[in-house]
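Enquirer: First residue of the sequence shown: 1433, per our numbering; consecutive thereafter.
I should point out that these hints are in silico values taken from the structure, not numbers from a laboratory. Ideal Cβ positions, reconstructed from N, Cα and C, are used throughout, including at glycine. Hints should not be assumed to be uniformly reliable.
Claimed, not checked - For lysine to aspartate or glutamate, the following EDC-like pairs were computed, each having C-alpha atoms within a straight-line distance of at most 20 Å:
| hint | residue 1 | residue 2 |
| --- | --- | --- |
| 1 | K1538 | E1560 |
| 2 | K1474 | D1447 |
| 3 | K1557 | E1508 |
What the hints assert, rightly or not - Label pairs and their calculated CB-CB ranges:
| hint | residue 1 | residue 2 | range |
| --- | --- | --- | --- |
| 4 | R1553 | E1461 | 22 to 28 Å |
| 5 | E1554 | D1451 | 17 to 23 Å |
| 6 | G1516 | E1554 | 19 to 25 Å |
| 7 | A1531 | C1446 | 25 to 31 Å |
| 8 | R1438 | M1562 | 17 to 23 Å |
| 9 | G1565 | L1440 | 42 to 48 Å |
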Amino acid sequence: MKLNERSLAFYATCDSPADNAGFLYKRGERHTAYHRRWFVLKGNMLFYFEERESREPVGVIVLEGCTVELCDSAEEFAFAIRFGGTKSRTYVLAAESQAAMESWVKSLSRASFDYMRLVVRELEKQLEEMLWGPASGCGGCRQLPGSWKPKPSGPERSPERLPALPPILPKENGCAVWNNVSGVDPPPDTSICSGYDSEGNSQPPPLPPRSRVSSSEAGSAGAAAAESPSTFCRLHERYGQEVARLRQDWLERRRGPRP
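Input sequences plus hints: build the corresponding full structure.
Expert: Structure (structure tokens):
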């Protein structure tokens, strides 16, 4: 893999958030002495600097095809980064505390692209199980959500044996009459004043005329409303007669006294 040193140096020192950072002791390749270095983990690249304020990294470790494991060393809290192959180098690092070592081992083990690919596959699998359910005997076949239909648990019924739908409840003044029980006489036909015409089209219910009614008439009207389901029709007829009588009186007064 070809790496651009200038691009790597910029990426190592830019303001992008780091996955982990801190001081570690790094054992030399030729000399077994440990040197304290500042390490910065970004993605699958582990940069190390001589000092924390250094502008350029001393080196970089690409964390692909490697394993992170604890190892025996003269330094306490030591762990190693091992790569496959006979000529591959093994990086031995040591942390300053047990908590720091566990944090570095965990973050370095999750930094490789292979690990991220496994995580993405697992998340995709969980998402598919949430959307489609676990794979059944159909070989994991998929169907669109709109085309999926649950199978009935009991035996299938033919369309002829299905129970008939209940009839449409009769309406009075735009409201359904709920005392439509079998065995009880149906309410009288109120299609004229129920807000529906003969063809079943909805119409706004007529408004009763405004008039002053005595307390006795109001009480009798309330009692009649409680007795019969066609109360509105009776009230409409009663008030209509009163309006007709008032209109007749008005026409006679307008014509004047008869000679």
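Enquirer: All hints, please: hold or fail.
Expert: Here is how each hint holds up against the structure:
In summary, the hint linking K1538 to E1560 is not supported, as the alpha carbons are separated by about 28 Å, beyond the 20 Å threshold. For the hint pairing K1474 with D1447, the CA-to-CA distance comes to about 11 Å; that is within 20 Å, so the pair holds. Proposed proximity of K1557 and E1508 is contradicted: the alpha carbons are some 41 Å apart, above 20 Å. A hinted range of 22 to 28 Å is violated for the C-beta pair R1553 and E1461, which are about 36 Å apart.
Restraint check, E1554 to D1451: a C-beta distance of roughly 20 Å satisfies the suggested window 17 to 23 Å. Checked against the given bound of 19 to 25 Å, the beta carbons of G1516 and E1554, roughly 24 Å apart, stay inside it. Separated by about 28 Å at the C-beta atoms, A1531 and C1446 satisfy the suggested range of 25 to 31 Å. Between R1438 and M1562 the Cβ separation comes to about 45 Å, which falls outside the hinted range of 17 to 23 Å.
Evaluation of the 42 to 48 Å hint for G1565 and L1440 yields a pass: the beta carbon distance comes to about 46 Å.
When each numbered hint is compared with the structure, violations occur for hints 1, 3, 4, 8.
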